[in-house]
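Student: Now for the letters of each chain:
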Amino acid sequence: MATWPERFDAIPNIWVADFEFRHPEGGLPEPRCLVIQNWRTREIFRWWLLGEEVRCPFAPEDLMVAYYASAEIGCFLALGWNVRPHVLDLFVEFKNELGGRSSYGHGLLDACHHFGITSGTTSESKEENRILAQREQFTDAERSQLLDYCQADVEATTALLDKMATKIDLPRALLRGRYMVAAAAVERAGIPVDSRSLRTIQSGWGSCCAALVRSIDADFGVFEGTTFKENRWLDYCERKGIFWPRLPSGALDFKDEVFRQMSALHPEIQPMRELRATLSQMKLSALAVGPDGRNRYLLSAFRSLTGRNQPSNQKAIFGPATWIRHLIKPSKGMAVAYLDFEQQEFGIAAALSGDRNMMEAYSTGDPYLAFAKQARAVPPEATKASHPEIRELYKTTALGVQYGSGAEALAIRLGKTKEHAKALLHHHRTVYADFWRWSDAAATRGMLERPLVTVFGWRTFGKGDGNPRTFRNFPAQANGAEMLRIAMIALVESGITVCAPVHDAVLIEAPEPEIDSVVETAQTIMEAASRAVLGGFTIRTEAKVVRYPERYTEKRGTEMWEKLVTLLDLECAESAPTMCRNSTTVSSN
Amino acid sequence: MKPTTELPVPAQDLFASLDNLRIVESTAAPLVKAALAYVPVKKPSREWYFRIHPEHSVTTLILETKEEGEVLMVAPALQEQLLGENCVAVRTLRLGVTRQGTPFIWPVRRPQEGRKDSWATTALDAITYAEKSWVRMQADMQLGGYQIAVARVSDEPRWPEEDFAQILRIAFKNAIVDSMDHPTLKRLRGEL
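Protein sequences, first through last, are from chains Y and D.
Just so you know, we're using my numbering here: the first sequence kicks off at 788 and counts up by one.
Just so you know, we're using my numbering here: the second sequence kicks off at 127 and counts up by one.
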C-alpha cells in the first residue's frame, strides 16, 4: 500500500501553482492562464490556456502547492486534466497555523504580511486582474498582464512555503489537501434547482413580500406594513405566555439564534422566524444558480474556527431561510438523497471522552430517552411515546450541554425555572461524569492558551475571547468536521456525485434507478468515516431520498413555501406557466 | 479537452492510511490538578449517592456544636482528659465520596449500648453497602431510621489522591481542640 509522504524531501517535484480564471456566478470556472514554479529550482513556467490545448504539467507523485486549492482543482476539472498530484493548500495551513489567532484576514496578502513577505501584488491589482479575467478576448498585452499578475501570486506563494515548510505537519496537511480536491468536485457538481419556480418567485418577489407578510402576520399581528414592530411582538408574547429573552440593555433580543431556540420551544413562532430571515437576509437574486439550473458556490472549506465549511448564506440554497430549499429538485430520471449523521455531536463526545454511560446511551438509538433512564427520571421500560415530555426535557438538556448552555440559557430553552435547569444539568454531570472531565479538560487547555487539536490535526487557540464555551464546543464540532471531510473525500473518490455538504450531512445525486444502492454505499462510507475519526465507534446515518418529480422539503420551511405556492401559483407555473395569473412566462431549463 | 467531474483516485488508500494519521486524544490529559482545599465533615446529604472507603477509618473524640453544626476534633493529648464529659463524643471518621468526586468525612456514631438505636444501626448498614455500591441514605421518621437506596450502577468512585492523614488535616483545618482554653470547649463546658 502506498503511504503518505512524511517529508518534503520524499516528494520528487514540488510545484507552486496558480490559475487565473473567469467564474460566472453559479457557473463553472473558465481557466485563462497557469503559472507554476519549481519550489526547489525556482524555475518558472507560464501557459496561456484560453483556446489552447495544454497538457497537465504535473505527475501523480508530484506535490502541487496552492493558495485555496479547490480553485486550482476546479480548473483541472474544467480542462479535463486526468492527473492528480498531491495537494498542499497554504490557505488551509495558514489558518491552521494561526488557529483562530488573527486580527486580520486569511487571504494570500494577509498571509504574506503575517510572515513579513513583500508581495508583488496589491489588493488593487487583484481586483483589476479579476475584472480582466472576465473577458473573452485578450490582446497580447492583456495576456502578458494577466500572466505577470499570476506569476506574482505564484512567487508570493513560494515565499510563503519557504516560511511555513518547517511548521507544516505534512501527512495531515496532505489529507486536508485531499479534501480540497473533493471540495472542487462538489463545487463543480452543484445542487439541482427548480429554476423555473425560482424565476417565478424572483419576478414576483416585490409584490409577493407584502402579501407574504400579510398572510403570515395574520396569526401574529406584529407588522406595520412590511416593518416588524418590537412592541407588538412583546404584546404577542405576553398574550401567548411566552417569556422572550432580553439583552443586558433590557431590549428584546432578536438575534436569529434566539429565534431558533425559541422556535424549538414554541413551534408556532417558526413561520415568523422564516419570514424575518427571508425579509432581512435573503436576496433571491444572489442565489448562485448557473444556466444549467444548478446552485454552485464556494464551499469556503475550513473557514470556520472548527474547520467546518462556511459558504455564503446569500449564494447557497442551504442558507438560513429553509423554505427556499424546497426549490431543490432532481431533474428528470434523477434522484437526490440527504444523508446525515444521527446525533453526531452526542456520539462524538461519547466516543472521544470515553464516557461509557454516554456511549451506551448513543448505542440505544435514542440517547435522550436513554439519558432520562440513566438519570432515573423515567422507568427502564419507558418509550418515546410513553414519556414524550420528559424525553424532551432531557434532549434539550443534552443538546444545551453540547452548546455550552448554563442554567440560565437552558431555562429559557426549556421554558422552566433556573432551579429546574440546574437540577437537569446536575443530572447530566452525575450521569456523564467522564464526559465532564473531558469537557473540563478541553476548557482548561483552551483557557491556558494551549491549542485544542482534532484527531487529524485541525487546531484552535480560540479567538482570544477567553470563552471556555468555545473550547468545550470545539472537540465535538471540529471532529465532526473531520468526519464529514473524510466522508466527502471517500464519497467523491468512489464516484458518487456529492452536491453539497450541509453541516453534518451531505446531499448526493444519482440516476433514479441507482439511488437506493448509491445511498447504501454512501451510508457505509460515512459510517466508516465515523470509525476512522472515533477510533472504531460508529455514528449511524439516516437518509432521505427525493425522486423526480418530487422536490426536497423541510418541515420548518413548509408553511412559508406553501404560502408562496398559493401566492404565486407555483404548482400551476410548473404545469402550464403561461396560464398562471401571477407568474411570469419562463422558458424551460 | 472535455471537462470532467472526476479525477483519478490517489494511490494512498484513504481509510487504510488514516490509522497512522490519527492523533491520540490529547485534550484528556489534564493540565491542572485539583488542589484539595476543603473537605466537609458531615453526614451525607439526603440527595447524595456516595461511596465509603472500605479502609480509611479512624475513631476519635470530637466536639460537636448543635447550633452551628460545627465538628471539631479533640487533639490526642487532650482526649484522656476529656473522655466522659458530656460535651464530647466518640465518633468513627469515615472517608466518603460523592458521584461528582467530592470527598467528605462522615463522623459516624456508634449504636448506644443496651438500647434499640435504629438510626445508628441503619447508618452502619448504609456504610456496609456503600463500601461496595453507590448508596443514598434518607431519614424516615416513621421507620425511625434511614432508608437505604442502592444504585444499580457499577462505575468506580474517584477517591482523592491525598492520603487519609492529609485529608483529615484539610477537613479539620482550624477545627482542632488542642487546648483546654479553646473557646468552643470553654463555652460548652459553661466556662464562658
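I should point out that these hints are in silico values taken from the structure, not numbers from a laboratory.
It cannot be assumed that every hint is accurate.
[Claimed, not checked] Sample of chain D residues at the chain Y side, in silico, Cβ under 8 Å:
#	residue
1	Leu140
2	Lys159
3	Leu162
4	Ala163
5	Val223
[As the list claims (entries may be wrong)] Straight-line C-alpha distance at most 25 Å; calculated BS3-like pairs for lysine-lysine:
#	chain 1	residue 1	chain 2	residue 2
6	Y	Lys1027	Y	Lys1182
7	Y	Lys950	Y	Lys1042
8	Y	Lys1182	Y	Lys954
9	Y	Lys1171	Y	Lys1331
10	Y	Lys1209	D	Lys312
11	D	Lys168	Y	Lys1209
[Stated by the list, open to error] Covered, in the sense of this in silico footprint (three residues per stretch, anywhere, with C-beta under 8 Å from a C-beta of chain Y), are these stretches of chain D:
#	region
12	143–149
13	224–231
All C-beta atoms in this analysis are idealised placements derived from N, C-alpha and C, irrespective of residue type, glycine included.
Student: Could you grab the alpha-carbon distance between Lys168(D) and Lys1209(Y) and see if it respects the 25 Å cut-off?
Tutor: 24 Å, holds
Student: Holds or violated: are the alpha carbons of Lys1182(Y) and Lys954(Y) at most 25 Å from each other?
Tutor: Violated: Lys1182(Y) and Lys954(Y) sit about 42 Å apart, past 25 Å.
Student: Using the nearest Cβ pair, does Val223(D) come within less than 8 Å of chain Y?
Tutor: Violated. Min distance 12 Å.
Student: Double-check Lys159(D) for me: the hint is only fine if its C-beta lies closer than 8 Å to a C-beta in chain Y.
Tutor: Status violated, d = 11 Å.
Student: Check whether the Cα positions of Lys1171(Y) and Lys1331(Y) lie no farther apart than 25 Å.
Tutor: 22 Å, holds
Student: Lys1027(Y) and Lys1182(Y) were given as a pair; does the straight-line alpha-carbon distance stay at or below 25 Å?
Tutor: 24 Å, holds
Student: Verify this for me: three or more residues of the region 224–231 of chain D with a beta carbon less than 8 Å from a beta carbon of chain Y.
Tutor: As far as the region 224–231 of chain D goes, the hint holds, because 3 residues have Cβ atoms under 8 Å from chain Y.
Student: Does Lys312(D) sit within 25 Å of Lys1209(Y), going by the straight-line distance between their CA atoms?
Tutor: Violated, at about 43 Å.
Student: Quick one, is the Ala163(D) hint okay against chain Y at 8 Å, beta carbons?
Tutor: 17 Å, violated
Student: Between the region 143–149 of chain D and chain Y, are there enough contacts, at least three residues with CB-CB distance under 8 Å, for the coverage claim to hold?
Tutor: Holds: 7 residues of the region 143–149 of chain D have a Cβ under 8 Å from chain Y.
Student: Taking the least C-beta to C-beta distance, is Leu162(D) closer than 8 Å to chain Y?
Tutor: Given a least distance of 16 Å, the restraint on Leu162(D) is violated.
Student: Lys950(Y) and Lys1042(Y): Cα distance at most 25 Å?
Tutor: Violated, at roughly 42 Å.
The structure fails hints 2, 3, 4, 5, 7, 8 and 10 (numbered hints given earlier, in ascending order).
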